[in-house]
Amino acid sequence: MRSNILNITEDRSQFPEKNAEGKIDVDLSSHKYLKLWQGPQHPGITGNMSLELTVLGDEVMDCETHVGYLHRGFEKLMERRKYIQCFPIVCRVAVPEPDFNEYCFASAMEELAGIEVPEMAEWLRTLTLEMSRLQSYLMWIGGQSGAFGSGIIGQWANYLRDLVLDRFEELTGGRIYHMYQLPGGVRGLLPDGFKDRMEETLQTIEEFMSDIEKVMFNNAVFKKRSVGMGYIDPSWVDKFGITGPNARAAGVAKDIRKDYPYLKYDQLDFDLVMGKDSDIYTRADVRRRDLLLSVDLIRQIFAKMPEKGEIKAPTPNVLHWKVAPGETYSRAECTRGEYGYYMVSDGTEYPRRINVRGPSYTHAVALLEKMIINTNIADVAGLMVSLHTYPPEIER
Amino acid sequence: MDFGFKHILYALLTVFIVLNYGLILQGIVRKIGARVGRRYGIRWYQPYIDIIKNYAKRSTITHGVMFYIAPVFRLTGGIGLLLFMPVIFGSEIFSNFSFAGDLVLVLYFQFFGVLGMALGAAEGGHPYSAIGVSRGLSQVTAFELPLTLGVLAIAMQYQTLNITEIVAAQQGGFLSWTLFTNPFATIAIMFSFLGAMGRSPFDVVLAPQEIPIGPPTEFHSGLLGVLQLNRAIFPAAKLILFMNLLFGGATSWPELVVKTFLIYMWSVFVGTVFPRFRVDQSVRWFLVVPLTIAIIAIILIRF
Amino acid sequence: MKEDFKKRTVITPEGKPLEIDPVKDYFSDARPKVHKPANPVIEKFANWARANSLWVLGFGTGCGAIEMRPLMTPRFDAYRYGIQWRPTPRQASVFVISGYLSVKTLKRVVRTYEQMQNPKFVVGLGSCTINGGMYWDSYNTINRLDHYLPVDVYIAGCMPRPESLLHGFEELKKIIKEGRGEGANKYAEEFDWYKANQKKVIKDWDMPDYNW
Amino acid sequence: MKSLLNNIKSRFSIKDVTEQRSNLVFIDVARESAVPLITYLRDYEGMTHLVLLTAADWIEENEFQLTYLLNNPEQKFDIGVRVRISREKATMETAHHLWEQVATYQRELKEMFGIDFPGSPGVDKPFILEGWDDLPPYRRDFDTKKYSEDTYFPRPGRESNDPAEYMKKKMYPNEK
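So the sequences go chain by chain: P, H, D and U.
So for the first sequence, our numbering puts the first residue at 15; every next one is plus one.
So for the second sequence, our numbering puts the first residue at 101; every next one is plus one.
So for the third sequence, our numbering puts the first residue at 5; every next one is plus one.
So for the fourth sequence, our numbering puts the first residue at 5; every next one is plus one.
There's no promise every hint is true.
[As the list claims (entries may be wrong)] Here are some chain D residues the structure puts well away from chain P; computed CB gaps all over 12 Å:
id: 1; residue: 48
id: 2; residue: 85
id: 3; residue: 151
id: 4; residue: 181
id: 5; residue: 196
id: 6; residue: 213
[To be verified] Examples of chain U residues lying across from chain D (beta carbon under 8 Å, computed):
id: 7; residue: 129
id: 8; residue: 133
id: 9; residue: 137
id: 10; residue: 157
id: 11; residue: 158
id: 12; residue: 159
id: 13; residue: 165
None of these hints come from the bench; they were simulated from the model.
Beta carbons are placed, not taken as given, at the ideal position from N, Cα and C, and that holds for glycine.
The shape of chain P in the complex, shown without the other chains (with noise of 0.2 Å):
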């Protein structure tokens, strides 16, 4: 069930004619085909990157995923950096979801280290892990609404999402960079009344998304662009390495959060949002339906976790920090999929390796630059919106 140009059910999978290499021969002197790039300076691309389109007519027969513009080399930065140095920098990689590297990054060390977290720390860990994923669905669907041309859902979600970066102010003092999850356990309790704060940010939020699924869930031209869209076959997830709501919306139970039980997620209860049907309408769904989720799981987080306690493990100098040898990876479920990272340590105070594993990595290369051939031009942003990519975690 895939829609074409013509919205005629004939099978255009074979045009056009693949060589041996699976590329097709492009003669651009032909006058039948255009290159077209999109981006880097273009506002249907999620962040700073391009695609090298071939169309034909309205329909794009080729891409390639540029990128590169924003890479600072993390991974060589880390290198020459003390373990603790490199704790300010790691929120950068992913700037829309800074508090999964810092997660990511604390405990693979940690485990290194063998330290032990202390209980009301991995809360608070889990709470700013949450906290964090609401405000980067809200933004995405901003996104996602936008690359189909309707300016007032970013409006309503940018409104939202800037009162859920006042309350990680007032829990972390950073509004985009919190720099909250030290190594051995967070930096501070809540603040006085945060609780009651919180919750009335959660029921704005819910009041909102109710607003939103009528606008844009339930609107007929939203539905026209999205159904039959960008389908995702379930048998590419591993090919492909997707994970997170792209896989889960193809009917493929993938959630660390439940799979890998990590910080005080079996203590949670909650059950996967799931989706069937894998195109652009699913996945914009089963992301809406994980928003609220999220909105559910920090009432219970407030819920359940103590009132008081200590938040940070005793650690060694951490200007003379020296970590154990070995290797390890450490993961968590972002809204994207799987983030992870791969530490190698060589026993001094500097890391070996440290290897970022962003779920963008194979969304926005090998599975969007297969995706993309036989759409329209105009479905390319949307397309690219709904596998939910950010550039700076593909390329560090």
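Given the coordinates of chain P, assemble chains H, D and U onto it according to the supplied hints.
For chains H, D and U alone, coordinates are given in the frame of chain P:
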């Protein structure tokens, strides 16, 4: 109609008033859109500053002669549309150059600007301009069909091709407006009007997220200023046209303001709520819903 | 330099060979001109209009782009100050360099900047545009933006809050109103210095010296 | 997991097994058996999800270490297959036919470490960097600070605020 020097002055006066009205309308409508999005919105006089700013740009680059002509063509489309229909019914000053066959000419001017843009955008050489123009032309063709059929239905109903006479026939209470005497033609034309205004879901030509921003991509400085003038005049002229055809025209400026503002709101409401159609969906929609209604209108008039 | 940009011989549709040099043929390589300000009275009025109609180019070059969205949405709503975004460089007048610039992006930024029309203004957002910030020792991000483009306003912070962005824009307005926003002319005057700096960093220079 | 390790040991020559966590094991294998091993793991042992493929530079031993981290989505455990290859002749068999995203990883490794994967599609195309003419940047002998200072016009005055000094003064004032 004897043609004299004073008619040119009157025409210039009309253009001046409508230009200012269009700019203020543009500012207010953008403010309304912002309020829906919970924003404060731009200042109402922001469109004026933008135009001054664009004319104050010091450098301009050229892509060839046609590149200069395109904005002029576009502006001609807007002013032409305005000048060949009565703005205020019964007023000598604001009746403009309305003549016996002006309805046909006005329909032509709807198309004229897009053709001009096509020439200029091709000269600009930007691929998104070319895509935008091809989208624009296909969509204009699609909504011109129900529009023309609806207008023909009205022409057949009033047995005239003169807008002044059409307006005259609708005088005498709002029940004699075309809205009530010929509802099918009205519905068809008002659907086409959505396409003509180019707001969502029919903003496939500009579509910033897809082909930023279509035909005017390469236009800048003074050339963009001309386009902006047209962006103020053209919608206002279209509003006046639809008001004349369907809603009994206006006999005074306040009446004109109220009526055109309400007509504009129809497009603004739809545009605020809906995302954008893909161009093929938009074309198909025009060729199914409004066209069917327009054909019904024609058939009803005939029998 | 990529294959497409090299000098080569192609066959025309009529079957005749044709020598082409794409960089020379398709692009003008004229140097930028200095556009002197006009009569002071007119210029004052024009500067007022320029300051109150800042069209920001929608190009998020770094992580600072994430605070551009709150800036344009309900909480901070920069539209009320005449700040609007524009998707094409031809029409934009303010280039917000939102954060660190990797070399690959710098090349696109230079191209984009040169396509904007005089007068144009550059706002450097974040500490990383000032001295490299967090990434001062990175092999792929530039340290000082003012060596490559004439910067009007720097906004410090990592990440600067939307309030400070608004403040930065207000500073920019002041600068423009005082007639000091002549970055485009400065770029034209010291063109060789800027180009030398850019070419030192951008190793595969496959575009004309000035992108009209 | 025990039976799986026994299965592997009976079929492939394993150098070493490190159990990091109950659900994460690292296996060291020789270069030749790496790609057959991961093919086996994918096809017969249900390790169908490739989490990541990355490298680490052990310059002291003059070797690169490649890590293929595989995940079993059914039984929920990970196996990291570690391969040591020589730094001088850094080539490795390609695995792009096993997962679609491997070609991208290999492109990155080629660019950032200079490890070649003959036969991998587009492996020679630049992925992240553009016009890079120095050592591959992730190698340990490439000094990013020196490169940055030589190339990017550092702004003077930065050195006056060394964070390490500041932290020492603030957090450990009694330490010598």
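| field | Numbers of unmet hints, in rising order | value | 7 and 13
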